[in-house]
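J.: These are the residues of each chain, in order.
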Amino acid sequence: MNPVNYLYLAALLFSIGATGVLIRRNAIVVFMCIELMLNACNLAFVAFSRMHGNLDGQIIAFFTMVVAAAEVVVGLAIIVSLFRSRHSASVDDASLMKL
Amino acid sequence: MSFPLLTLTAAVPALGAIATAAVPAAKRTAAKWLALFFSLVTLALAVVVGIRFNTGSGADRYQLTESHSWIADFGVRYELGVDGIGVALIGLTALLIPFIIVAGWHDADPQETGNTRWRPTQGFFALILMVEAMVILSFEATDVFLFYILFEAMLIPMYFLIGGFGDRAHAGSDENAAAQRSYAAVKFLLYNLVGGLIMLAAVIGLYVVAGTFSLSEIAEMRAAGELEMATNTERLLFLGFFFAFAVKAPLWPLHTWLPNAMGEATAPVAVLITAVVDKVGTFAMLRYCLQLFPNASEWATPVVLVLALISIVYGALLAVGQRDIKRLVAYASISHFGFIIMGIFAMTSQGQSGATLYMVNHGISTAALMLVAGFLISRRGSRLIADYGGVQKVAPVLAGTFLIGSLATLSLPGLAPFVSEFLVLVGTFARYPVIGIIATFGIVLGALYSLVLYQRTMTGPVKLEVAKMPDLKLRELLVVGPLIVLLVFLGVYPKPVTELVDPAVKHTLSDVKQHDPEPEVAAK
Amino acid sequence: MENLIALLVAAPLLGAVVLLCGGRRLDRTGHWLGTLFALGSFVVGVVLFMDMLGRDADDRAMHQHLFSWIPVGGFQADVAFQLDQLSMTFVLLITGVGSLIHIYSIGYMEHDERRRRFFGYLNLFLAAMLILVIADNYLLLYVGWEGVGLASYLLIGFWQHKPSAATAAKKAFLVNRVGDMGLSIAIMLMFTTFGTFAFGDVLAATGETSEGKLTAIGLMLLLAACGKSAQVPLQSWLGDAMEGPTPVSALIHAATMVTAGVYLITRSGAIFNGAPDAQLAVVIVGAVTLLFGAIVGCAKDDIKKALAGSTMSQIGYMILAAGLGPIGYAFAIMHLVTHGFFKAGLFLGAGSVMHGMNDEVDMRKYGGLRKYMPVTFATFGLGYLAIIGFPGLSGFWSKDKIIEAAFAYDDGIRGWIFGGVALLGAGITAFYMTRVMLMTFFGEKRWQPDAEGHEPHPHESPKSMTIPMIVLAFGSVFAGGLFSLNESFVHWLEPVTSFEHPHPVISVPAITASTVVVLLIGVAIAWFMYGKRPVPVTAPRGSVLTRAARRDLLQDDFNHVVLVRGGEHLTRSLVYVDHTLVDGVVNGTAAGVGGLSGRLRKLQNGYARSYAVSMLGGTAVLVAATLLMRAV
Amino acid sequence: MSATAVHSLWTTAAEPITKIDSPQIEYSLIAPTLIVIGAAILGILVEAFVPRVARYYVQVFLSVVALVAAFAAVVALAAGGHGTTESGIVAMGALAVDGPALFLQGTILLSGLVAIFTFAERRLDPEAHGNRVDSFAAQAASVPGSESEQAAVRAGFTTTEVFPLALFAIGGMLVFPSANDLLTLFIALEVFSLPLYLMCALARRKRLMSQEAAVKYFLLGAFSSAFLLFGIALLYGYAGTVSYAGIADVVDGTVQNVNPALAGTMGNDALLLVGAALILMGLLFKVGAVPFHMWTPDVYQGAPTPVTGFMAAATKVAAFGALLRLLYVVLPGLRWDWRPVMWGVAIATMLLGAIVAITQTDIKRLLAYSSIAHAGFILAGVIATTPDGISSVLFYLGAYSFVTIGAFAVVTLVRDAGGEATHLSKWAGLGRRSPLVAAVFAVFLLAFAGIPLTSGFAGKFAVFKAAAEGGAGALVVVGVISSAIAAFFYIRVIVLMFFSEPKPEGPTVAVPSPLTMTAIGVGVAVTLVLGVAPQYFLDLANQASVFVR
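Protein chains in written order, with the numbering used here: chain A, 1 to 99; chain B, 1 to 524; chain C, 1 to 632; chain D, 1 to 549.
Read the hints as simulated data drawn from the structure, not as lab findings. All values derive from a computational prediction rather than experimental measurement.
Derived Cβ-Cβ restraints for the label pairs, each shown as a range:
hint, chain 1, residue 1, chain 2, residue 2, range
1, B, Leu-40, C, His-560, 47 to 55 Å
2, C, Leu-628, A, Leu-76, 37 to 45 Å
3, C, Gly-584, D, Asp-539, 46 to 54 Å
Non-contacting residues of chain C with respect to chain B, defined by C-beta distances greater than 12 Å in every case (computed):
hint, residue
4, Val-361
5, Gly-415
6, Phe-442
7, Gly-481
8, Ala-513
9, Pro-534
We put the CB at the ideal spot given by N, CA and C, even for glycine.
With these hints in hand, go ahead and build the complete structure from the sequences.
T.: This is the structure we're talking about:
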């Protein structure tokens, strides 16, 4: 199967993730959308790695997973603290600062 | 490396500023005397500069030069040197500052007491000295970048002087006055800053073209023909420079900041603005615009002359229409700056010598008129002409000095301004008869606003509010007297200044490749 | 000897400085000092005069070079004096009459607490006037020219507490400034044409340039002369100038300053000789003014204003004469001198009358004063006879010559016109002067107690005032005859002004005769109007012409409407423009940026998701742009 | 049947494993980074094992020592010529040690050190229950206003974790500008971003805003890094490698032994262009360029002021460093594509930053927008694509970072009951109350405004000069105009401080400890020195203006 299709898939996933970031209010969901984008990137890496026949892409994918994990740690910490102090995880509620 | 006289002349007031600022709050009077002392030392040094300067025909263009590497990366050197014009203006600056300080002796005494941190008096005099230092150095600089830096930097102390120490005699409530004052200060700063920034672009452009900022190097390059500027480049750069100077000068229609600034500032600061700082603008036109961009200057001459003409007439007419004494003087100054700029761009030795002389004379005459006006205002506590009348009967000396100031402003023969104004007119007429003739109307309008001012304030029945007005005190006489003597002296014997200026003017004219038009009938 | 010339100026100048800077401590002695300095200058003048007489006609001119004033490139102005016969004539007139009037003022200003300053100003005037007449170049002349303007400004406005005085002073200075404009332009023209403006060089080189240039210079000089000498169209200030103390009117606005214009034109004779058109203009101005002044003089009830009108008209004669060229210059100056005597005398007389009448100036409130103040009457009378040109008195000699010269303008119609005008002027002069005479000294007394109820007690003035009047009266009687003895005056001036005998269109005796007839007619009419019938205390409405004449032939109203009002509107609108337009543009820009800022600020709405949108959009643009760049 | 035969039925012999040669790391050359990261890890251990009372002191000591040591290492490397002649690629091509890298690392370390001082400041807030407290939350985990929070305050807890966090961030920032392949770039980005996200949330006062800032920063940051990553993926896809040199070769078409796959992707410029654009976007987000700037005002306002100062200074330095390397090392062959785009970005950034700042009423937001405008100015230098461009940007970053930290340090001093009084109206008449503080702040503002004799002017002149020489005259003009606009609001603050009457219930100016004083003092000193005699540092920047490839 032509690896290019995987790229299309990756692009699709990435776009879905980005759209999700834009349209979803719940901070957690937004965050998951971002994770989805990261995974789309991973897919792209792997696909390219296969096309070029070298392992760099796959290794990068592993790195990305680690980074994503780290982001989860930090992100959840922040979001949860926000949730606890506001009793809402809506990103739109967090708009004290504007203009 | 000879003795750095020029650096010293600029350094003394700077040190004075620091010293004055350092005086503790309680020792207010000490600060005043300290400032006066330093300003006098500066004056002495300026005199030395004048003596050491050689006006002989074979003498160098720039003398007492100093040159040190500064920011090699920007092609910037710390280069000083003076020509006759510089000497004259340094003299003017150093001369006026002591009078300004004495005149403003009590202007900055703090109203609220107890606040030991707040030291307005010290600040006031320190700022004045700081301005003096920067102005003098800007007259000495022979490096475009160095000049630009000072040209910009001097705005800051001026800004604080205008905004921080407003005229106590204002119309309306305190907040209102504070608002007007900071409006004036901000207007002053923004106008000049915008001008300066546009100049910055041109300065960078100049570097891209010439690769150096040193006047001497640029002159050499031009002489060797290595400095080729595309016509449009030169014109753009010229405009960049000229714009900044025209704002500073100020030239119509960039003038509107001056009346606000002079109106809101205390009289001594107003003098500092118009008699000292603004001269940097006209000086720079003469030195930088003409010298760096001769062809563009020639190209721009017609427009500039017309603008100058408009300034002359327009400023005079608006002066007639003013209700505020200080604003009136401001518009009068705008008219006079029109004459100066016209003289510079007439491109004749009479015009340019006249213009330089005009800078000096206008400085002295405005100082005389404005400071007396300040004394008057401080007595009555109002700037409105309508609030005065019949002062001449109760305070004849004040009125007399005021009259002499007005007569100087309308450039009466026998007083200094006449010489310069006539030279400018002749110089302009010689090359541009029509413009010269129209400009001559300026002398009628000048008489109009000066005499109207005098009539409305000094003559007529004595107004109740001025009935108790005391005449000039000794301190005030000490300020005005010498200025008037100078006005008369320079009116009768301007030769020292003209001799000082002549060689420099010749150099400038040769920069722009111009010669005085020959008279139709060869004089025998 | 030459070195004395500077002393002429130095003495009164020193006097002015001392008196004005001396402060109150000089109040007691100030007037004596001032007079002393004036007399000193006069003495120097006389000494120089004697010396000058001692030499033969052609090397009488003396020069004194003090120092180089404004040396800039080709522009070389010196402070240097030149004393030739013409200047000398003026020096004597100025210092002589000046000294007399100083003496007169001692009495006249006795009760004024600012007398010291008055004398200071008078000295200042003398100094300036002397600079004017002995300068050896036009620029220095210009200094004197404006100097006398300043002095007259200060003296007209001497009673500054009176708004009318202050206004009159300002007006005088401004109108003069318009004239000065002409002078400065003339000097510029000279500089560009001849490269110099020293009398010697310019006047010698007139032959080498075009007539057009000379005409231009001439017209500019004429403009200057009009301003200083109150000639149409710049005459309006002279009437108001009478706000000044009477001695001032006598010295400055009758005898000396106002004649400076005549001096200027005579001095520049060489230029005018080369420019016939300019000369014609001069003659026309002179002719018009002499009628104008005369007519105005007929209608005024204010004695000083009436005399002012007459001054205007007499100077008209001089200007006319000066415009006639070599045939006229000498007579212009001669009339100037004689006029200096009798007009000064008349003014001093008027002053003396006012002095006795509580400063009343309205002639309708005089009447029959001759028995109260005989000396004044006598001297005034002699002056009167002199001015109307009564045969044998000064005025007759000088004016008659001018009329002859006027008829000699050319042997065509112009000669007739100008001659006729001059002749007519003589008649009108006789009329209005007789009117003044009658209304003041004849008829029955018409004065009533004023508001506070004290009736004026007319009385003769003190010696210090009468003596100068007597001296001037002598002058007015004999000067003319003296000058005309085998044309001594003409020959005296000839080296400077050159002289040709006029050839009038009709014979000289005929002219003389007709002059006499005309003046008799004038006197007669006046007698019928003001001598036989009693003079009404309140002025009758009078004919249109009379009313116009009372208002200076509406010329002031014109100025008021056109210049003053117009100017006010102009300045007011300009102030508005400056505020709204010039300033508005800048403030508008500032406001615009501010508004833009306010609007852009709204984008920062605080919602993280909209930020994300902008990021995404930005990215899209970035990508699109990059691809596009490659595409193009 | 033999065993082999049997074997061969269901097994096949794999190829003998070729041994992987272990990577060799030039530890001495990357010492600065290692020191800082190591100290950070130590810091975590300190949190774990050192008693609470001592932690603060240990942490401060540790971080200061680490940063000083790291800086010393940088200086040593520079002295060893690694900035110029000896510069090279290290750690298996992961990192570059060259002039720009060392210069920026030095800048980051110094500003980091100064920032640590402001972190450690404990005299500004009034003592809570007898404990000196800094500007960080007593216990970040506790809900604002809750019991537990008060308990934490009473117990005198402080979040000493900020120090190791800061060290991690600094470590990441050290790597960022010297990263020599895209993977390292990405990792470094995350390593310094994640701690910053956390630090934003740690404010002691106004915690809601602080947390909001953290969330916004985190979400948007993660969002952007996702784009960055995708861009990396595309570039990798295009060039088949993530090493800068490799990609550059492919872009320039000077690559050897092209295998068919590479040949296939090389032809596809879309991969290259889109990838490059996405990576650019990621970096522009970090430098706060329009239109990726919108996080800046909110985060700057919400974060604890010392953190804001640190972010504003160090992040910009690191991000611009990376941007420079990317554009000058990887994509020079592409400059005809990215220059116009960057032009647009620069212009938009300069103008928008200046214009929007005019109407700001909060001093921190004001400074945020001013930092946006400054990003625009620096971009003008970046676009020059000349050696002068590099050096001018380096110089500007050095000058700018200290002014920024100093300015924010001053902001921490002006306080009222509710903590820092950041609303402009509260600053009215400050010049009367405490002329010195006002004067210092005025100096910083004038430097921001680029008034001559301040470092701001020297920097601005440098970048504009570079831009003009690089043929971007128009940018200079726009820059000049926007600095004119910008001047307006800096002046406004000065007017407020000096020319308007002080309010009766105005804020007080706290007297700081030597720490903050040092921070401010350094700021002033650098501002004036770089303003009056910048030559030495310009030379430094010039020497450091050569990238290694």
